[in-house]
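K.L.:
Here's the letter readout for the chains.
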Amino acid sequence: MESFWVALKAIFVKDVIVELRARQVLPTMVVLGMLIVYILRLVSEPASGAAPLVGAAALWVAFLFCGLLAQERSFAAEQHQGCMDGLLLAPCDPGTIYLAKLCVNVVVLCVFEVIIVPVVLIVFRLSVGARWPDLLAVLLLGNIGISSVGTLFSAAVQLARTRGSLLSIIVLVILMPLMVPATFALLVLFGALPEEVGGSGSLAFVGSFKAAAGYMLAFDAVFVVACWLLFAVVVEE
Amino acid sequence: MRRLLFILAVFLLTASTWMALTAGQIVPVQRNILYAHVPSSICALLCFVVLLVAGIGYLAGGRDIWDMIAVASAEVGLVYATILNATGMIFSRAEWNVWWTPSPRLITSAILWFLYVVYLVLRVNLPGSRRRRARICAVFGIIAFLDVPMVFLSARFIPDMHRPSFSFESTWQSAALALAMIATVLLGTAMIWLRTDSLRNTLRLEEQFLA
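Here the protein sequences line up with chains G and P, keeping their order.
Numbers 364 to 600, taken from the working numbering, label the letters of the first sequence in order.
Numbers 44 to 254, taken from the working numbering, label the letters of the second sequence in order.
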């Protein structure tokens, strides 16, 4: 257990230092994120009454695409001069490498969120009032979900000539079901949907903020654990 | 054996079509598409289960045959998922006057189709040795299967217009549908079997002549 924490901390600190010194990914992410938000604001001008809808969409689209940039880089940096082999030779479980890389990606995406969320709130004239702790919780849950799958498959698609596009189709298709409750939760916070939406149709339809957050938590738990267990298989030579 | 299975499946499919056309016609006419729609939806899901089992089998034992079964079931599953979505869209247009709408079942089947497509794209584009490719595809198959219940759950956040079942007017109709289901499952099995064999022969030839 001791060695687990030592290894986790070592890899995490290494990656954070590399990012702080080289600033490879965060500036690009922020610029791309702001471009996405501004473009969606411009094209949705005729529907300015629907600002919460487009704002929630802009937020998640920006997270998805900018998260992909961070995830793709997290193993690309290890390919130079065989760093990946060195990392795998370290006396720790491969799952630990995955968890450390996941933490780095979550932290990078959190820094990104700190910059991009106020931009979205200002540009789309939205406010969450006193519910900002709920907003932070939803953003963190979405963040972990987005990072979990991407970090696993980032290791898998390295060496491919088309790794960026390959990673994006894998991650986006797996994350499709996460985006439904994630958008639902944001719409509740932005005041576009009531706290609880009544049932209709043949399906027992439970749409409440709590259910959405609980779903996101379940998604994160299932995918983090599955990716952690399967990581060893992906990096095996 | 598999030839027999194939012939039996085609025969049953013809019989169920004949039954549906003569004794089991549903009114209004567009609802007759369910004889193709429901069996293909079941087969598309069953192929995913095969994909999962083959993936786990490959990771557990590392035998090539599991990988070939996985590829074959993904290809057959994509065919069924395409039929499922195409017939669904035709029906939806005739019944509700829209080609597609984000209702839970429609989203579920669309995501199913996307998962198959991504699996096959991944298969072609992954670098490295055959074993590495097979391993990563098995991992994707398992993760993608975990996604299926998540899709069902996420669908709760959207109201539904898709009716899950029709009330049948005669036993002929349910008999025709049951026959169509059996025939489609048999046909799927035969196709996966044939495709696995062809993949195995390809590998054998490659090893013989390229070695």
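It is worth saying that the hints were derived from the structure and are not from the lab.
Since this is a predicted model, take the numbers as computed values, not measurements.
A virtual CB, placed ideally from N, CA and C, is assigned to each residue, including glycine.
Please note that a few of the clues may not be correct.
Stated by the list, open to error - What follows is a set of in silico ranges between Cβ atoms, one per label pair, in the way DEER data are often shown: (1) 51(P) <-> 577(G): 26 to 34 Å; (2) 387(G) <-> 221(P): 56 to 64 Å; (3) 524(G) <-> 129(P): 30 to 38 Å; (4) 592(G) <-> 247(P): 44 to 52 Å.
K.L.:
In this structure, is the beta-carbon distance linking residue 51(P) and residue 577(G) contained in 26 to 34 Å?
P.N.:
47 Å, violated
K.L.:
Take the C-beta atom of residue 387(G) and the C-beta atom of residue 221(P), compute their distance, and say whether it sits inside 56 to 64 Å.
P.N.:
59 Å, holds
K.L.:
Taking the Cβ atom of residue 592(G) and the Cβ atom of residue 247(P), is their distance within the range 44 to 52 Å?
P.N.:
Once the Cβ atoms are compared, 34 Å apart, the range 44 to 52 Å for residue 247(P) and residue 592(G) is violated.
K.L.:
Please test the hint of 30 to 38 Å on the beta carbon pair from residue 524(G) and residue 129(P).
P.N.:
33 Å, holds
The structure fails hints 1 and 4 (numbered hints given earlier, in ascending order).
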